[in-house]
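Sequence order for the protein chains is H and Y.
When the first sequence is numbered by this note's numbering, its final residue is 1325 and no position is left out of the sequence of numbers.
When the second sequence is numbered by this note's numbering, its final residue is 302 and no position is left out of the sequence of numbers.
The reader is advised that the hints may include incorrect statements.
Claimed, not checked - Some chain Y residues near chain H, calculated using beta-carbon distances under 10 Å:
1) Gly259
2) Glu262
3) His266
Stated by the list, open to error - Stretches of chain Y that chain H covers, calculated by requiring three or more beta carbons in the stretch to come under 8 Å of a beta carbon on chain H:
4) 227-238
5) 246-253
Said to hold, decoys possible - The following residues of chain H were derived to be distant from chain Y, with all beta-carbon distances above 10 Å:
6) His960
7) Val984
8) Arg1012
9) Asp1054
10) Leu1117
Note that these hints are calculated values from the structure, not bench results.
Please read these numbers as outputs of a predicted model, since none were measured by experiment.
For glycine and all other residues, C-beta sits at the position ideal for the given N, C-alpha and C.
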Amino acid sequence: MPRRIIIIGAGQAGRRCAETLRELDSAAEIMIFGAEAHMPYDRPPLSKAVLLGKEPGTALFVRPAEFYADRRIALFLDEAVTRVAPDKKRIETAKGRNLTYDALVFATGAKARRLVVPGADDPRVMLLRNLDDALALRARLVEKPRLAVIGGGLIGLEIAASAQQLGCVVNVLEAGERLMARGLPASISARMAALHQQHGVRLHLGARLDRIESTTQELTLYRADGCLAVDLVLVGIGAAPETALAEAAGLTVADGIITDRAGRTSLPDIYAAGEVARFPHPMNTEISTRQESWQVAQQQPISVAHAIMGHDRPYDEVPWHWTDQYDCNLQVLGEPSDALHQIERAEGERLTLLACDSDGRLCGAALINNGRDATPCRRMITSGKVFDMAVLADTARPLRSFL
Amino acid sequence: MAVWQRVASEEELQPDTPFATRIGEAQLAIIRLADGIFAVNDVCSHEYALLSEGFCEDGKLECPLHQACFDIRTGQALSAPATTAIATYPVKCENGDVFVMI
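Sequences and hints are given; from them, build the entire structure.
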């Protein structure tokens, strides 16, 4: 059994790995190093409760400080790991600490992609990735600026919804032709667009930004077909895995640290947990996937901790993520792409969209304000069963009756 | 002081189908299980959501927003993201009516 386990990254994945390790082994020394000064927190509230100034309760800092002390999980905060030497099984930190490990976990997460157009270096062009970013953004949003959100993906739209609720004038500029195009069918994009428009958000689709010009008063966003003057810009154009340290250490990296189904990397005794890991897709192990979701940070590190302790427990969850915008909860399971047969089960404001392959196997689902269908959908996807698509559309039959 | 309050008739309660009701400020979910009828606070302890709108099975109630699971009999939080229990209330049935002590 490993005597000392070092976890690089004090986010949700690092925390989950540490607490699972402690459940499995009462003796091992467990150390977490985090570049931020904060205790481990979950990120979903950053673009919602934190921006709105609501008390996020335990949704943000899930565990109090005593939790770590009671379990002898040593937190080294505001202390980034700067070098990993796999041949010597040794790490170095920004505070000059030099330590050996028996097992090492990269839980380094991802960083927000920056906008690369002239003028994007203005301090009024902001990103949202961590708690300090969220607090800085909130401090600006309460002044009710004219805001441009660059990127109509999940994060951009959550921020747009929060900013609108704070009384800002909100524009969303999306380079593609529809919102949240990644992994969602066009009909759901259209519903989300209508939701934002009902709340007064101005959507600019197909809007590719050329440059930003700034004066002390305002920022002007130029694109081929016009310009837009605002006070603040928020860039939400996705995230890239934080792999620099892993690459320098010689791990195999390709848009994420390559791992097996339990987080084992290309080098012995080194693991990757959470959204930095690229692993075989749970629904099709012939392809790899890297997922940025609460689910992967919550569940995949359990598999990693088991692997470290010598137990094989592959991560095989059907991909699932959610977004909350205004009073709308959207959940996505599996991959409900446009290429599949779409079956809509609508009941008033609630919708369950099922996406089946040509044989009638459920491959994905999107639920709007209909979370009670999530568990039945997940089971229907994992079952691999062939369903009669005409019968699936019958809302008189609850989904659980198909299991 | 807590008193018995009528919340439903027994025949309104179908197995595994939560019944949502409100008594004063309190929002309750009343659930019929194989071994009786139970009452819990309907609001998820993680973020605001009505548990009665979630999936119900095997004595567990699942939050429709983020899938946290609660034990209907004890109120205990069984899975993340919730970490705190929800309140439970005594239930009695008389002459086909369901009463909750609240």
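Okay, the hints, checked on the actual structure:
A distance limit of 10 Å between C-beta atoms decides the matter here; for glycine 259 of chain Y the minimum to chain H is near 14 Å, and the interface restraint is violated. A distance limit of 10 Å between C-beta atoms decides the matter here; for glutamate 262 of chain Y the minimum to chain H is near 6 Å, and the interface restraint holds. Of the supplied interface hints, the one on histidine 266 of chain Y holds, with its beta-carbon coming within about 6 Å of a beta-carbon of chain H, less than 10 Å. Here the region 227-238 of chain Y counts 0 residues with a CB under 8 Å from a CB of chain H, which misses the bar of 3, and the coverage is violated.
Coverage of the region 246-253 of chain Y by chain H holds [criterion: at least 3 residues with CB-CB distance below 8 Å; count 4]. With a minimum CB-CB distance of about 18 Å to chain Y, histidine 960 of chain H clears the 10 Å threshold, and the non-interface call stands. Not every CB of chain Y is more than 10 Å from the CB of valine 984 of chain H (nearest about 7 Å), against its label as outside the interface. Distance to chain Y confirms arginine 1012 of chain H as a non-interface residue, since its nearest Cβ pair spans about 34 Å, more than 10 Å.
Once the 10 Å rule is applied to beta carbons, aspartate 1054 of chain H is consistent with being away from chain Y; the minimum gap is 22 Å. For leucine 1117 of chain H, the shortest C-beta to C-beta distance to chain Y comes to about 17 Å, beyond the 10 Å cut-off, and the non-interface label holds.
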